[in-house]
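Enquirer: Sequence:
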Amino acid sequence: MMKKAALHNLGCKVNSYETEVMGQKLREKGYEIVPFDSVADVYIVNTCTVTNIADRKSRQLLHRARQKNPEAVVVAVGCYVQTGQEAIRKDDSIDLAIGNNHKGEIAELLEEFLEKRGGGKRRDCVVTDINHTSEYEEMQLERSEEHIRVHVKIQDGCNQFCSYCAIPYARGRVRSRRAEDILTEVRGIAERGFREIVLTGIHISSYGIDLDDEAWKRGESVPMRRGDGLVYRGAGKLVELVELLCQIPGIERIRLGSLEPRIVTEEAVRRLAALPKLCPHFHLSLQSGCDATLKRMNRHYTTGEYYSSVELLRRAFSHPAITTDVIVGFPGETEEEFAETERFLEKVCFYEMHIFRYSKRQGTVAAELQGQVPEDVKAARSDRLFEMERRQSEEFRRTYIGQEVEILTEDTEEIDGKLWRVGHTRDYVKVATEEKEARHSNAMERVRVQGFLTDKMLAAVPAQ
145 MMKKAALHNL GCKVNSYETE VMGQKLREKG YEIVPFDSVA DVYIVNTCTV TNIADRKSRQ
205 LLHRARQKNP EAVVVAVGCY VQTGQEAIRK DDSIDLAIGN NHKGEIAELL EEFLEKRGGG
265 KRRDCVVTDI NHTSEYEEMQ LERSEEHIRV HVKIQDGCNQ FCSYCAIPYA RGRVRSRRAE
325 DILTEVRGIA ERGFREIVLT GIHISSYGID LDDEAWKRGE SVPMRRGDGL VYRGAGKLVE
385 LVELLCQIPG IERIRLGSLE PRIVTEEAVR RLAALPKLCP HFHLSLQSGC DATLKRMNRH
445 YTTGEYYSSV ELLRRAFSHP AITTDVIVGF PGETEEEFAE TERFLEKVCF YEMHIFRYSK
505 RQGTVAAELQ GQVPEDVKAA RSDRLFEMER RQSEEFRRTY IGQEVEILTE DTEEIDGKLW
565 RVGHTRDYVK VATEEKEARH SNAMERVRVQ GFLTDKMLAA VPAQ
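Each number in the numbering used here comes from the position in the sequence shown (counting from 1) with 144 added on.
Just so you know, the hints here were simulated from the structure itself, not pulled from any lab data.
C-beta: ideal position from N, C-alpha, C; glycine also.
Warning: the hint list may mix true and false statements.
The calculated lysine to any residue pairs, modelled on SDA-like cross-linking and capped at a C-alpha distance of 25 Å, are [unchecked claim]:
| no. | residue 1 | residue 2 |
| --- | --- | --- |
| 1 | Lys580 | Leu563 |
| 2 | Lys522 | Ile197 |
| 3 | Lys574 | Arg293 |
| 4 | Lys157 | Arg287 |
| 5 | Lys574 | His463 |
| 6 | Lys522 | Thr508 |
| 7 | Lys491 | Thr508 |
| 8 | Lys157 | Leu563 |
| 9 | Lys147 | Lys173 |
| 10 | Lys173 | Lys234 |
| 11 | Lys439 | Glu481 |
| 12 | Lys504 | Ile197 |
| 13 | Lys157 | Leu327 |
| 14 | Lys600 | Ser462 |
| 15 | Lys157 | Glu282 |
| 16 | Lys421 | Ile197 |
| 17 | Lys169 | Lys421 |
| 18 | Lys157 | Glu279 |
| 19 | Lys148 | Leu258 |
| 20 | Lys201 | Pro214 |
| 21 | Lys504 | Glu539 |
| 22 | Lys201 | Thr272 |
| 23 | Lys580 | Pro606 |
| 24 | Lys491 | Glu531 |
| 25 | Lys491 | Arg458 |
| 26 | Lys173 | Glu215 |
| 27 | Lys580 | Val549 |
| 28 | Lys600 | Asp527 |
| 29 | Lys234 | Glu259 |
| 30 | Lys169 | His152 |
Here are the in silico distance ranges between beta carbons for each label pair [to be verified]:
| no. | residue 1 | residue 2 | range |
| --- | --- | --- | --- |
| 31 | Val178 | Gln391 | 27 to 33 Å |
| 32 | Glu384 | Phe596 | 38 to 44 Å |
| 33 | Gln547 | Arg233 | 55 to 61 Å |
| 34 | Glu531 | Glu480 | 17 to 23 Å |
| 35 | Val178 | Glu324 | 33 to 39 Å |
| 36 | Glu512 | Gln391 | 47 to 53 Å |
| 37 | Glu249 | Glu531 | 14 to 20 Å |
Start from the sequences, fold in the hints, and give me the full structure.
Expert: This is how it looks when you write it as structure tokens:
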């Protein structure tokens with residue numbers, strides 16, 4: 145009888161990619177993949193540990209799985225396992241714990257666990273010392289639950305050590321994927337009819353810092369040594385990878401995940417702007433518009449350097465969509481410092497901002513800083529930035545009214561009793577045309593924007 149496995153993903157796009165690969169591995173071993181709220185023989189939670197809240201959600205899902213079927217094998221995988229091993233070992237709801245760099249082995253580890261377990265009770269924990277490994281865990285995504293665009297993982301780990309972040313301890317140091325493996329995966333994606341890919345990783349701006357030039361040509365990684373002094377060197381290998389991907393037939397759009405402003409150099413921008421397939425949609429991580437706050441965060445740039453990167457992009461690309469992340473209420477953030485952030489955000493004028501209230505993460509430097517900001521103050525500040533984001537985003541979208549744009553069609557939505565075909569422009573603006581006849585998704589269409597359909601969506605008609 146076919147065993148049933150249910151998977152649930154928490155956290156980032158890298159986790160999503162890895163969850164899809166784990167599902168693929170289990171199917172190959174004969175498992176039926178079922179929804180997480182179903183009764184299953186195996187429950188797998190790909191956990192997140194970016195905040196204390198993420199830890200709690202991971203635990204809650206694992207406990208829910210145990211309650212759903214007390215006889216099932218409950219498997220915790222990923223970042224929470226990596227950083228919370230003591231708590232994992234004490235949690236009776238977990239049968240098998242698997243850390244990062246072992247997700248591709250999920251089927252084999254599960255079968256080995258079941259064989260050793262027999263009919264009795266058994267608990268296992270498989271965790272690598274992620275801070276002492278230089279090996280990138282190769283995975284190939286051969287099918288995707290996505291309908292239109294596919295995320296492609298190109299690297300793992302982070303060397304930045306921002307003072308608020310536990311991810312380097314959960315994911316380890318930078319490990320870049322071999323270029324040839326990436327190209328092979330993307331060729332397969334193109335052959336299956338996908339037109340758009342998004343390059344993702346824990347810190348894609350560091351892609352290639354663990355590769356020397358000769359190793360890059362051979363498609364090999366250079367083993368890292370503890371304390372080997374790897375430094376951040378800019379975007380050379382990332383840009384070269386994008387140039388190679390642009391040569392793959394069938395791929396028409398390439399998006400980049402979150403970028404560091406420091407890699408936006410004149411040379412990098414010149415080369416990227418020469419690639420017609422690269423979407424002019426850039427997520428430049430900011431976190432604060434105040435230099436004093438950035439220093440406490442251990443971010444490695446100033447607001448002046450950040451603004452120079454934005455200006456480079458705006459000179460090289462026509463009306464690029466620039467988005468960012470902002471943390472409000474970081475320890476020590478005064479009203480004056482927050483006002484600096486507000487002024488800087490107004491100066492840059494983003495397409496979209498992802499605004500987060502600072503959440504204390506145990507084990508990080510920021511958790512021990514003086515001047516923790518009260519929750520009501522964080523809430524008030526975030527409300528002010530949400531209003532700014534709403535206004536700036538509307539202003540960016542409004543520039544498209546009357547313009548002809550190309551959209552990649554995705555889904556059909558019913559709005560005010562009418563059916564609309566929805567897609568995104570190259571700079572990731574959501575546009576809809578009225579569905580008067582059945583059409584295929586995953587199609588490129590030229591449309592003329594007429595106005596707003598909703599706050600976040602523009603209405604258009606087919607271009608003449």
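Enquirer: Next step is simple, just say for each hint if it's right about the structure.
Expert: Taking the hints in turn, this is what the structure says about them:
Among the hinted pairs, Lys580 with Leu563 is consistent with the structure: their alpha-carbon atoms are about 8 Å apart, no more than 25 Å. As the CA atoms of Lys522 and Ile197 are separated by approximately 16 Å, the hinted pair is consistent with the 25 Å bound. Among the hinted pairs, Lys574 with Arg293 is consistent with the structure: their alpha-carbon atoms are about 14 Å apart, no more than 25 Å. The hinted pair formed by Lys157 and Arg287 meets the criterion: a straight-line CA distance of about 16 Å does not exceed 25 Å.
About 16 Å separates the Cα atoms of Lys574 and His463, which keeps this hinted pair within 25 Å; it holds. Distance check on the hinted pair: Lys522 and Thr508 sit about 20 Å apart at the alpha-carbon level, within 25 Å; holds. Restraint check for Lys491 and Thr508: the C-alpha separation of about 31 Å exceeds 25 Å, so the hint is violated. Restraint check: the Cα-Cα separation between Lys157 and Leu563 comes to about 29 Å, which exceeds 25 Å; the hinted pair is violated.
Proposed proximity of Lys147 and Lys173 is supported: the alpha carbons are some 10 Å apart, at most 25 Å. For a cut-off of 25 Å, the pair hint linking Lys173 to Lys234 is broken: about 30 Å separates their Cα positions. Between the alpha carbons of Lys439 and Glu481 the distance comes to roughly 12 Å, so the proposed pair stays at or under 25 Å and holds. Between Lys504 and Ile197 the CA atoms are separated by roughly 9 Å; this keeps the pair inside 25 Å, and the hint holds.
A C-alpha spacing of about 19 Å is found between Lys157 and Leu327, which places the hinted pair at or below 25 Å, so the restraint holds. The hinted pair formed by Lys600 and Ser462 meets the criterion: a straight-line CA distance of about 21 Å does not exceed 25 Å. Distance restraint check for Lys157 and Glu282: the Cα-Cα separation of roughly 16 Å lies within the 25 Å cut-off, and the hinted pair is therefore satisfied. For the suggested pair Lys421 and Ile197, the alpha carbons sit about 38 Å apart, so the restraint of at most 25 Å is broken.
Distance restraint check for Lys169 and Lys421: the Cα-Cα separation of roughly 31 Å exceeds the 25 Å cut-off, and the hinted pair is therefore not satisfied. Taking the CA atoms of Lys157 and Glu279, the gap is near 20 Å; set against the 25 Å cutoff, the hint holds. Our distance criterion of 25 Å between C-alpha atoms is met by Lys148 and Leu258, whose separation comes to about 14 Å. Using a Cα cut-off of 25 Å, the hinted pair Lys201 and Pro214 holds, with the two alpha carbons roughly 19 Å apart.
Between Lys504 and Glu539, the direct Cα distance comes to roughly 34 Å. Violation of the 25 Å bound is thereby established for this hinted pair. Between the alpha carbons of Lys201 and Thr272 the distance comes to roughly 23 Å, so the proposed pair stays at or under 25 Å and holds. Of the pairs offered as hints, the one joining Lys580 and Pro606 holds, with about 11 Å between alpha carbons and a cut-off of 25 Å not exceeded. About 15 Å separates the Cα atoms of Lys491 and Glu531, which keeps this hinted pair within 25 Å; it holds.
Restraint check for Lys491 and Arg458: the C-alpha separation of about 14 Å stays at or below 25 Å, so the hint holds. Simply put, Lys173 and Glu215 have alpha-carbon atoms about 21 Å apart, close enough for the 25 Å limit, and the pair holds. Under the criterion of a C-alpha separation no larger than 25 Å, the hint pairing Lys580 with Val549 is consistent with the structure, at around 20 Å. Our distance criterion of 25 Å between C-alpha atoms is met by Lys600 and Asp527, whose separation comes to about 18 Å.
Straight-line distance between C-alpha atoms of Lys234 and Glu259 comes to about 23 Å, which keeps the hinted pair within the 25 Å bound. A distance of roughly 15 Å separates the Cα atoms of Lys169 and His152; the hinted pair therefore holds under the 25 Å criterion. A hinted range of 27 to 33 Å is violated for the C-beta pair Val178 and Gln391, which are about 40 Å apart. With their beta carbons about 40 Å apart, Glu384 and Phe596 fall inside the hinted range of 38 to 44 Å.
In this structure, Gln547 and Arg233 meet the distance hint of 55 to 61 Å, their C-beta atoms being roughly 58 Å apart. Between Glu531 and Glu480 the Cβ separation comes to about 20 Å, which falls inside the hinted range of 17 to 23 Å. Checked against the given bound of 33 to 39 Å, the beta carbons of Val178 and Glu324, roughly 35 Å apart, stay inside it. Here the CB-CB span from Glu512 to Gln391 is close to 49 Å, well matched to the stated 47 to 53 Å.
For the pair Glu249 and Glu531, the beta carbons lie near 47 Å from each other, so the given range of 14 to 20 Å is not met.
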